[in-house]
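Q: For reference, the chains in residue letters:
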Amino acid sequence: MNQSISNPKKQLEPGTNPLFNWLNRHAGLVFILPSVIIVLALSIFPLIISAYLSLSRLKFVQGGLEIKFVGFANFRKLLLGSERKHFRGDLGVLSIWQWLFVALVVALLIYLLSRYIRSQEFKIGGLIYRIVVFSILSWGSYYLMQNLSSDGRPGTVVVTLIYVFVGLFFQYFIGLSLALITTQKLPGRRFFRTIFLLPMMITPVGIGYTFRMLTDTSKGPFKPILRAFGLEEYSWVSDPWGARWAVVIGDVWQWTPFVFIILLAAIEGLPNELFEAAHVDGANRWQIFWNITMPQIIPVSATIILIRMIEAFKIIDLPNVLTFGGPGTATESLTLQSFFNWRTLDVGGSAAIGYMLMFISLFIATSYANLIYQKLRRF
Amino acid sequence: MFKSRGFDKPSVFSQLMSYLVLLFWSFVVLFPIYWVFTTSLKLPFQVDSGPYYIPFIDYKPSLESWKYILVDLRVDTLRPFYNTVVVSVVSSVLALIIGATAAYGLTRFQYRPRLSGIFLFIALVAIIMLGSSFGVPWYLMLIVGIVLFFFLLGPLMKRFPKALGNNDIAFWLISQRILPPIVVVIPIYVMFQQLKLLDTQAALIITYMAVNLPIVVWLLRDYFVNIPLELEESARVDGASPYRVFWSIVLPLAVPGLVATFLFVLVFAWNEYLLALFLSKANAQTMPLLVAAQNNTRGPQWWYMSVYILIMIIPVIILAILLERYISRGLLVGAVKG
Amino acid sequence: MKKLLALLATLIMGAAFAQYDGVEINIVTFTGPQIAEPLQRHGAEFAAATGAKVNVITVPFSDLYQQILTDAATGTNSYDGYLFAPQWMVDYIVPGYLEDLTPRVEADSALDWEDVGPFFRDFSATYDGKIYTIPLDGDFQMVYYRTDVLDELGMEPPATWDDYLAIAAAADGKDMNGDGEADYGSCIGKARNNQGYWFITSIASAWIQSQGTSQGAFFDTETLEPLVKNAGFQKALEFYVASTEFGPPDELNLGVGDTRGLWTAGRCALTLDWGDIGTLAISEGSQVNGKTGAVILPGSTEVWNRETGALETCNDELCPYHVGGINHAPFAAFGGWSGAVNAAASDEKKDAVYALFSYMNQPAQSNADVTVGATGMNPYRTSQFENNQAWLDAGMSQEAADSYLGAIKDSLNSPNMVLDLRIPQNQRYQQIVLDTALAQLLAGEIDTEEAMEQIYDGWQEITDEIGRDDQLAAYRATLGVER
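Same order as they appear, the protein sequences are chains A, B and C. The numbering used here applies: residue 450 is where the first sequence begins, and numbers increase by one. The numbering used here applies: residue 126 is where the second sequence begins, and numbers increase by one. The numbering used here applies: residue 17 is where the third sequence begins, and numbers increase by one.
What the hints contain is simulated information worked out from the structure, not anything from laboratory work. One thing to keep in mind: the hints can contain errors.
As the list claims (entries may be wrong) - 25 angstroms max Cα-Cα, derived SDA-like pairs, lysine to any residue:
| hint | chain 1 | residue 1 | chain 2 | residue 2 |
| --- | --- | --- | --- | --- |
| 1 | B | K321 | A | I516 |
| 2 | A | K672 | B | F152 |
| 3 | A | K672 | C | G301 |
| 4 | A | K634 | B | S143 |
| 5 | B | K321 | A | I487 |
| 6 | B | K192 | C | F77 |
| 7 | A | K634 | B | L141 |
| 8 | A | K668 | C | E197 |
| 9 | C | K190 | B | F170 |
| 10 | A | K634 | B | L448 |
| 11 | A | K672 | C | D363 |
| 12 | B | K321 | C | D363 |
| 13 | C | K69 | B | F206 |
| 14 | A | K668 | B | F181 |
| 15 | A | K824 | B | Y236 |
| 16 | A | K672 | B | V137 |
| 17 | C | K365 | B | Q318 |
| 18 | A | K634 | B | S139 |
What you are looking at is a predicted structure, and each value in this text was computed from that prediction instead of being measured.
Take these sequences, add in the hints, and give me the full structure.
A: Listed below in structure tokens is the structure:
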């Protein structure tokens, strides 16, 4: 099933112990098997069992549990039934600008598709795959706009997507800026580096509570400032978009360090000669950044974005603690919705939401990995 | 140790601007932590009638909350703290060892698991499921199939009809992080209950190890690729087994990467809440549960909670300061092209 | 005095229960200091007296329900005793996880069971005629008002919810604690995933339940049709929205803990809460000691007639328990922390757990506990609100004690008390469907019509899922309705 590439020709001294011989011959397998087995046992099998749970309903009866198979009832409830508006959001009518946005997205996707057809990598399978992905993305942008239109309301799906992408945007932007600044020759930069790492070290639950203290308008630290602006009657956590921003700010506060430290390591690791050459050529700082640093760190960026995206889809602690998912359902993420259901032991409903989340994040992550990530890594 | 990337010394103006930005972000980072600190020195009524900013200046600080948690509760604080230390350290070390071997394997060996083999495996699983739950309607089996299909969709599209490669295995591993813990936690709960491991440190250690494994593999894979092959090859020529090469040549070279990765997964395990909530009941409770538990029918006990938060971050901060220089040297994630 | 009593009890018990030598019991409750603290304290006394080993296990409050249920359902049985909200007990009783305590209670003279409030004895602790829990705390909601603010305004304590709004409107924006800042007319913790769904029932019951506890305020006792789509519930929703106008700006994100903080800081004229406010008002740092008055939940002069479907003015036939033409329906929200015994535990553990709960419930212990705010325990024994002395000793003024205990007495003695929803999976009805709809209503995502529609449909859906007949039977059993 596998063979060593590092040294295929060299024969090891035949030992006397057949077990050693076998182990040496199959070293590749031995190296990877523990990880594969652990992942199978603790991720794949539970996943399959959960699939069954998402299709059933649990009832507590004399002597234990009764698992009743109900088909797609839990999913139907989410997508078409009573939880429809909660999950998918209230779908409104698009304004002219929103139509324009959808048209732009579709035009961009068609352009990308045409470029692919004319490119050398063109394959029929790749074309079909892209058509499927792009159709879903076009529909997704339409659906997003329906949620965001004036008579619509974002459901938990769209709220989660907002957290993921808005959060990611700010984390990357701030993390990159800080990394660039702290790699300059500035006295005391190591001190700042250590400080900037702090938020990542705090438990997310604790961060949720910390931000709740901070956003409190009646006894929080920003009360005098709000009063100075005549805003004592305003509470940002009672306003849907204010509350969502509060969650995003908390998320950015916590995870910017992650992006920052990895980008810092990447920039530190770039060979000095590149910069020396550019300097000799008389490039200014902006040109150096744009033409030398940036291309070099794009592959790293692609990886960070993938990792952060995957993690961000699971956001739960912050909205749960900061706003309890409120006001209304404004800040409720998918994991939180699933958790609420679990807490009342509606296990089937909870698993169904978890599965929907998994489908969505899997679709986005694999599309990103196949269509963008590979390209950026080769940049 | 650190080389400057700006090459030339920045101008005074740009230095000033840089410091302004750095100071601003330091304030953004430190103020919430400072607020937690002052809150830990307040009495309940001082919190409720606040805001008060600086101890001794606008309110009289009190060590009441610290005393309650460190002296009055003593064992009830110490035990979760001890659990947190044991669980996070042991699980991180295990994840590091197992993940490092896999990462090494993925960079030094060519794996070609054939699709037919994977499909056979899936078919087997399906048959087992079918057998164990006899009488289950066919569409259930279909769902199981679909789930696994979706899981392999990405890699399949690219590699079909040939065998899979190392990158696919790596992506498959990282894709485990996509699973929302809430989806797998119920079966894991039942599994540990069957094994009589519920509410033990072992259950949390095993779970955290599995959850953090993909991260370890990913961070270290890029690190191992950068380690030159020559040393290993000469050792192999001298007849050292792959295990010896890995243990005595590769690992020592990879110390910065190992340390940085260790710190990362340690922080994840240290702060994890959701899985701990499900898998621990009494004896194995960890610190994040204590933080969350301070929100009760009386409302959040801000003063106690602040103490817990501080108790939790102090050890990690010390560790981070001690290991700071490894962190930026040890994270070469994504540095390799292709 | 308290210590002496405890010591005395310990000695007496030592003689009575020395047989628990070497028995180790695990009792689960939520992470204190409230409830867990007295449990730990009395647990140690109990251990010293009987030789039993008592382990108190605490989990976050919001996870207690599912922790107990999953533990019992999977047969893990890590807990021998539960200290939880009796509201959840049906979910544990129906599958047979709780021990029937009736014989033990009947044989236990030290318990002085007759002294426990009739509501707690007959409804809270009982399901289908059997006793399953030992109450350690009396939970029902009341309205608290600032005596000084009302005096200044020349207004009487609220008797109806309309009065409540009028007072809130008049007081809103006044400075009530002398710090020069405008304070709030009404503070109700309306945050999602907190206590909102109890508050709405406290309010709605005034219009919906008028014929006594057995009438039920949640469902029709014949068809299990939800009582949430009618003129009475509409009134309550309108009140709930209207009162927000006089609350703190972030009221939608405040839990009951936050409003309690605001209350003791002197920032609210009115609040709706459990008995805790009474003891918190006399705790250290309180700005409202001696300024806190309590009344039974306000009522309504009109009630919803289930026959005609209209709001009608109270009369002797429609609301037999009216007081001066006003129908009051005090709500035993949550039900008060109670102890129960795991049916799967060994016999000697069951006995030990029962003995511990009994010990905590006995007047010697509980009469002292309920006067201390930090225990989180509120009065539930007749003797506790008929005897002022313990309260005066705890630092309450005569006037405040009269007002507080009077309100408790009025509520507890009311034959029209509302029992909390206790059918299987009630958490899904209340915590998911009702709570979400309320939060959406307050946030302006939906209007009152849509909210009622949403709650009604959601409840019907769950009922049909679980099985209407089973649910109906359970509902009738909790209300003591005979077939």
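Q: All hints, please: hold or fail.
A: Consistency of the hints with the structure:
no.: 1; hint: K321/B - I516/A; in the structure: holds (22 angstroms)
no.: 2; hint: K672/A - F152/B; in the structure: holds (18 angstroms)
no.: 3; hint: K672/A - G301/C; in the structure: holds (21 angstroms)
no.: 4; hint: K634/A - S143/B; in the structure: holds (11 angstroms)
no.: 5; hint: K321/B - I487/A; in the structure: holds (19 angstroms)
no.: 6; hint: K192/B - F77/C; in the structure: holds (23 angstroms)
no.: 7; hint: K634/A - L141/B; in the structure: holds (13 angstroms)
no.: 8; hint: K668/A - E197/C; in the structure: holds (12 angstroms)
no.: 9; hint: K190/C - F170/B; in the structure: holds (21 angstroms)
no.: 10; hint: K634/A - L448/B; in the structure: holds (21 angstroms)
no.: 11; hint: K672/A - D363/C; in the structure: violated (58 angstroms)
no.: 12; hint: K321/B - D363/C; in the structure: holds (23 angstroms)
no.: 13; hint: K69/C - F206/B; in the structure: holds (23 angstroms)
no.: 14; hint: K668/A - F181/B; in the structure: holds (19 angstroms)
no.: 15; hint: K824/A - Y236/B; in the structure: holds (23 angstroms)
no.: 16; hint: K672/A - V137/B; in the structure: violated (37 angstroms)
no.: 17; hint: K365/C - Q318/B; in the structure: holds (22 angstroms)
no.: 18; hint: K634/A - S139/B; in the structure: holds (11 angstroms)
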